[in-house]
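From first to last, the protein sequence lines stand for chains Z and L. In this text, residue positions in the first sequence follow the working numbering: the first is 1, and each later residue adds one. In this text, residue positions in the second sequence follow the working numbering: the first is 1, and each later residue adds one.
Worth flagging that the hints you see were computed from the coordinates, not collected in a lab. In this text, all values refer to a predicted model and were calculated from it rather than measured experimentally. Hints should not be assumed to be uniformly reliable.
[Claimed, not checked] Mimicking PhoX-like on lysine-lysine, the simulated pairs with C-alpha atoms at most 25 Å apart in a straight line are:
1. Z:Lys189 / Z:Lys83
2. L:Lys204 / Z:Lys85
3. Z:Lys83 / L:Lys23
4. L:Lys23 / Z:Lys85
5. Z:Lys83 / L:Lys277
6. L:Lys23 / L:Lys78
7. L:Lys23 / Z:Lys189
8. L:Lys277 / L:Lys204
[Unchecked claim] Computed far set for chain Z versus chain L, every beta-carbon distance over 12 Å:
9. Asp48
10. Arg122
11. Gly128
Even for Gly, the Cβ is constructed at its ideal location relative to N, Cα and C.
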Amino acid sequence: MLAPSILGFTVFLIAPIVVVVALSFYDWNLLSDPEFIGLENYRELAGDERALQSIGNTFYYVLLNIPAQTVLALALALAVNSKVKARNAFRVIYVLPWMAMPVALGVIWRWVFDPAYGALNRFLEVFGVDGASWLTDSAWAMPVIASVNVWQYTGYTMLFFLAGLQAIPAQLYEAADVDGASAPYRFFKITLPLLRPSMLFVLITSVIGSFQVFDTIHVMTAGGPAGSTATLNYQIYLESFTQRNAGYASMLAVILFAIIALITLAQVSFFRKRTVYDFS
Amino acid sequence: MTTIHSVPRPGARIQRVTVGTAKYLSLVIAAVVTLVPLVTVLFASLKTPTEYGSTSALTPPSNWFNFANFVTAFDSGKMLEGFANTAIVLTVSLAGTIFIGTMAAYGLDRFEFRGKRLVFGLFLIATLIPGVTSQVATFQVINGMGLYDTKAALILLFMGTDIIAIYLFIQFMQAIPNSLDEAAMIDGANRWTIYWRIVLPLLKPAIATVVIIKGIAIYNEFYAPFLYLPSEGLISTSLFRFKGPFGAQWEVISAGTLIVIVPTLIAFLFLQRWIYKGLTSGAVK
């Protein structure tokens, strides 16, 4: 009964990973026979400005994306979780962008940020402000893409915080109220520590998700201008499927995997070290 | 949050009202920021080319029933073909995922066997590995099978690798009492009968969740069809066909994006409950 799923995993997940690691030691253009070149690909990386830039871009993107998204999602979750009117309507609205096809949203946002015809610059014009060439200016392109992703995934992230908030026993807040605890005290001493499992889950999945961003970048900038929005993931795509440097792309994939593994391990150990509360 | 207030401090009431207003205001602002882009797209999609050129993005269309752009988008994006292809890929992959996933969950939860820990370990590692890192090799696997540029490639990729679904099924399996299996076994049922007659029907809620969440994910997926099925369009790649004559007509593109987005939004509105439950069931504990 396990056979189909084990077969699927082996063929489509495990085997490709083994092959990628092996390919990273080869030179291969996808057509002729792969040629073993040892660590040459890894050595080449040191002098490859585009690839190094893409690693930098990836971290820049993650730094622009994750803190903003996490803080906003937590704030929205807290607000939606309190007894406000129409909380369900708010929740639905925030989650909507996550449901919508990322590519289609990318197309929409490309239009919004279009320098000449875009909704944003035409809107700014009303106030006499000259909008930037958002997507063709290498200083603006990445922040714009990051904000699009924040816009898209904040509501989704909020759902996990909401679930976490609802799992916090109400007695704790009642006890804190009896003791006259202030709102910030309640937040930092009860809410935040008890949200730790949700926080760990959200951070791990959203960081891994950020490292894999493709659709938005492909539609909005295709990695440009001057490679300023090509993340490592996008660079792997370019190297393997447009440059046909399969071996070199595999080496980049190994690097990407190592980065993700290290960051995930760091997050897990950071959160594990702290006290774990169990009220079940 | 609970609101039991023993002794109200002086000024606490005023403070609570301001905090409440600020909270409400930020909720409203966030909602507006979320909706404005979508609303401008809706407005644009209903405007004629001249109207689009002369009005601002936030001006409502003069005729709310001008569906000409939708017709153009649907035709020039070959969206009928796109929807049909997506429907085929979606149906077959979902059916496959469910059978493979429920069988795997049944096997992993109910049987003791050597290498069980290894299988669990592999699944766990696989969840943490971003799919893109192995894309070069996955592409070779598909190519080697002679499936490049076929729907079968997408179907195999979608159903071969869904660990989240297996985890969800295992969680539900654990709630089905073992005594049920044993009773059936005493009555002479074999493993397959138990799976088919007892386990599968009892897993219905989990199956519904997987169908909805994975269904939407497959519908929205762009990378796999873009890479593995270049010559036939799925609905997610159909938007890229506008690059020709309609490449710069935003009112047509707006209509196209709406056609593509609206099905998932409607699905979401009707199926919210399942989605919330399915998403967060594994995440909190």
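Right, here's what the structure says about each hint:
1. For the hint pairing lysine 189 of chain Z with lysine 83 of chain Z, the CA-to-CA distance comes to about 21 Å; that is within 25 Å, so the pair holds.
2. For the given pair, lysine 204 of chain L sits about 34 Å from lysine 85 of chain Z by alpha-carbon distance, which is inconsistent with the 25 Å threshold.
3. A threshold of 25 Å between alpha carbons decides the hint, and for lysine 83 of chain Z with lysine 23 of chain L the separation of about 11 Å falls inside it, so the pair holds.
4. Taking the CA atoms of lysine 23 of chain L and lysine 85 of chain Z, the gap is about 11 Å. The hint holds against a cut of 25 Å.
5. Taking the CA atoms of lysine 83 of chain Z and lysine 277 of chain L, the gap is about 21 Å. The hint holds against a cut of 25 Å.
6. Restraint check: the Cα-Cα separation between lysine 23 of chain L and lysine 78 of chain L comes to about 46 Å, which exceeds 25 Å; the hinted pair is violated.
7. For the given pair, lysine 23 of chain L sits about 21 Å from lysine 189 of chain Z by alpha-carbon distance, which is consistent with the 25 Å threshold.
8. Between the alpha carbons of lysine 277 of chain L and lysine 204 of chain L the distance comes to roughly 14 Å, so the proposed pair stays at or under 25 Å and holds.
9. Against chain L, the non-interface label of aspartate 48 of chain Z holds: every CB pair exceeds 12 Å, the least being about 17 Å.
10. Against the 12 Å criterion, arginine 122 of chain Z falls within the reach of chain L, whose nearest CB is about 6 Å from its own CB.
11. Chain L leaves glycine 128 of chain Z outside its interface by the beta-carbon criterion, the shortest separation being 14 Å against a cut-off of 12 Å.
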